[in-house]
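Spelled out from the first residue to the last, the chains are:
Number of protein chains: 2
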Amino acid sequence: MRTLVIVSHPDIQGSSSQQFLKESLPTHEKITFHHLEECYPDGRIDCVAEQKLMQEHDRIIFQFPLYWYSSPAMLKQWQDEVLTESFAFGVHGTALRGKSFGLVLVIGNSEKAYQAGGREGFSLSAITIPFQAMAKKVGMHFLKPFGIYQFQYMDEPTKWKLLIQYQQYLCLEDSDSLKEREEWLIRALTATNLATLPKEAAPILEETITQLVHTRSELDELKLYLEGM
Amino acid sequence: MRTLVIVSHPDIQGSSSQQFLKESLPTHEKITFHHLEECYPDGRIDCVAEQKLMQEHDRIIFQFPLYWYSSPAMLKQWQDEVLTESFAFGVHGTALRGKSFGLVLVIGNSEKAYQAGGREGFSLSAITIPFQAMAKKVGMHFLKPFGIYQFQYMDEPTKWKLLIQYQQYLCLEDSDSLKEREEWLIRALTATNLATLPKEAAPILEETITQLVHTRSELDELKLYLEGM
Numbered sequence: 001m002r003t004l005v006i007v008s009h010p011d012i013q014g015s016s017s018q019q020f021l022k023e024s025l026p027t028h029e030k031i032t033f034h035h036l037e038e039c040y041p042d043g044r045i046d047c048v049a050e051q052k053l054m055q056e057h058d059r060i061i062f063q064f065p066l067y068w069y070s071s072p073a074m075l076k077q078w079q080d081e082v083l084t085e086s087f088a089f090g091v092h093g094t095a096l097r098g099k100s101f102g103l104v105l106v107i108g109n110s111e112k113a114y115q116a117g118g119r120e121g122f123s124l125s126a127i128t129i130p131f132q133a134m135a136k137k138v139g140m141h142f143l144k145p146f147g148i149y150q151f152q153y154m155d156e157p158t159k160w161k162l163l164i165q166y167q168q169y170l171c172l173e174d175s176d177s178l179k180e181r182e183e184w185l186i187r188a189l190t191a192t193n194l195a196t197l198p199k200e201a202a203p204i205l206e207e208t209i210t211q212l213v214h215t216r217s218e219l220d221e222l223k224l225y226l227e228g229m
Numbered sequence: 001m002r003t004l005v006i007v008s009h010p011d012i013q014g015s016s017s018q019q020f021l022k023e024s025l026p027t028h029e030k031i032t033f034h035h036l037e038e039c040y041p042d043g044r045i046d047c048v049a050e051q052k053l054m055q056e057h058d059r060i061i062f063q064f065p066l067y068w069y070s071s072p073a074m075l076k077q078w079q080d081e082v083l084t085e086s087f088a089f090g091v092h093g094t095a096l097r098g099k100s101f102g103l104v105l106v107i108g109n110s111e112k113a114y115q116a117g118g119r120e121g122f123s124l125s126a127i128t129i130p131f132q133a134m135a136k137k138v139g140m141h142f143l144k145p146f147g148i149y150q151f152q153y154m155d156e157p158t159k160w161k162l163l164i165q166y167q168q169y170l171c172l173e174d175s176d177s178l179k180e181r182e183e184w185l186i187r188a189l190t191a192t193n194l195a196t197l198p199k200e201a202a203p204i205l206e207e208t209i210t211q212l213v214h215t216r217s218e219l220d221e222l223k224l225y226l227e228g229m
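Read top to bottom, the protein sequences are chains A and B. Here UniProt numbering is used: position 59 in the first sequence is 59, and no number is missing along the way. Here UniProt numbering is used: position 133 in the second sequence is 133, and no number is missing along the way.
The hints are simulated quantities; they were obtained by calculation from the structure and are not laboratory data. Take the hints with a grain of salt, since some may be wrong.
As the list claims (entries may be wrong) - Okay, derived cross-link-like pairs now, DSBU-like style, lysine-lysine, Cα gap no bigger than 35 Å in a straight line:
id : chain 1 : residue 1 : chain 2 : residue 2
1  : A       : K136      : A       : K199
2  : B       : K144      : A       : K136
3  : B       : K30       : A       : K137
4  : B       : K22       : A       : K112
5  : B       : K159      : B       : K99
6  : B       : K136      : A       : K136
7  : B       : K99       : B       : K199
On a predicted model such as this, the values are computed, not experimentally measured, just so you know.
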């Protein structure tokens with residue numbers, strides 16, 4: 001799967017979360033990182049190039065800090081100019097149909113604030129409705145939004161977990177599927193360059209892979225058994 | 001009540017609906033019409049002036065064509081730059097608290113498209129959640145959105161009705177209140193310059209006013225009677 005990450009941030013250099021996400025991009029997958037404000041500092045968007053870029057990918061991600069419950073202005077301009085009728089919707093506008101569409105949202109407030117009765121009062125499912133409506137209009141499959149809450153307070157282990165979940169969100173057909181995540185983990189462990197790790201790490205990696213394969217095999221057997229009952 | 005209409009439209013001259021709304025503004029009320037793209041053609045917003053303008057008004061209206069289920073980019077930029085923490089939210093950001101906030105949305109599709117199962121799939125109540133969340137955050141009272149659907153297909157009588165509803169939306173404390181709308185109508189009829197009308201119009205206006213006063217009096221009596229039961 002080829003994934004296009006369209007990032008909108010007016011000051012990406014000053015954003016530790018965006019820098020972290022950029023460095024977290026998996027190198028062994030087909031991912032295009034595309035920062036709008038950097039590409040178009042004068043605000044003049046090359047619509048033809050943008051449409052071509054979208055057509056070359058299977059999954060489109062909008063990645064941005066949540067400003068006033070929506071995207072920065074640059075991404076809004078991009079939507080208004082790039083998603084034209086003949087391209088994205090209408091009788092002949094079928095270029096995006098069948099692709100998957102996701103949101104990676106960096107959010108300053110805590111997760112519990114985003115619910116009825118919470119400080120923000122609305123859930124992420126509610127706030128992102130304009131993007132859901134857009135995905136529906138152009139025929140893209142809307143993925144669960146990937147919310148990153150209060151990055152500035154995360155400790156290192158939480159960030160490592162975030163890194164893995166982010167990579168899976170970008171690359172897996174269904175990042176909720178345990179099986180897909182297991183397969184992804186085995187691929188990632190297999191691809192790990194042992195020379196970059198302490199000597200004693202090699203047998204641990206090997207054992208982990210064996211264990212994952214074994215657990216999956218047991219789960220599959222159990223499933224077959226249950227289906228046969 | 002002083003009302004500030006903040007309009008965002010990249011080509012307001014070419015928009016018949018926006019021109020109609022501009023010409024529909026009541027002259028005898030305290031209304032400020034403020035078109036962002038005209039004020040800031042280079043995109044550099046004067047935040048201090050904008051904040052001052054908001055403070056001078058009791059009702060804030062965002063008026064725009066619905067692009068991708070949200071506002072044009074210019075209004076988004078305005079939100080991100082003008083609604084600062086020390087001004088609009090946070091401990092000392094109380095400048096907007098208690099004001100009312102409304103949306104005037106010009107929408108190309110039909111009203112019935114905006115519902116579950118409809119062509120757009122989401123209601124206006126759902127699509128406008130980011131603005132509702134904004135109003136909540138800054139302590140403004142959110143008014144029902146004023147949706148103008150398919151202006152291009154409206155006949156003259158429908159446009160006259162729209163004109164009245166638009167004026168009432170901008171100026172009345174509660175434009176759902178029959179009593180407020182009656183009073184507004186009596187004021188408007190009384191202020192009408194008879195010299196601009198055919199001679200036979202004067203008695204009709206007078207009779208209409210008498211009728212409105214009479215009906216209101218009957219309704220009030222009935223209400224008193226019911227309350228006493």
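Okay, the hints, checked on the actual structure:
no. : hint            : in the structure
1   : A:K136 / A:K199 : violated (51 Å)
2   : B:K144 / A:K136 : holds (25 Å)
3   : B:K30 / A:K137  : violated (40 Å)
4   : B:K22 / A:K112  : violated (43 Å)
5   : B:K159 / B:K99  : holds (29 Å)
6   : B:K136 / A:K136 : holds (28 Å)
7   : B:K99 / B:K199  : violated (43 Å)
In this structure, the hints that do not hold are numbers 1, 3, 4 and 7, in rising order.
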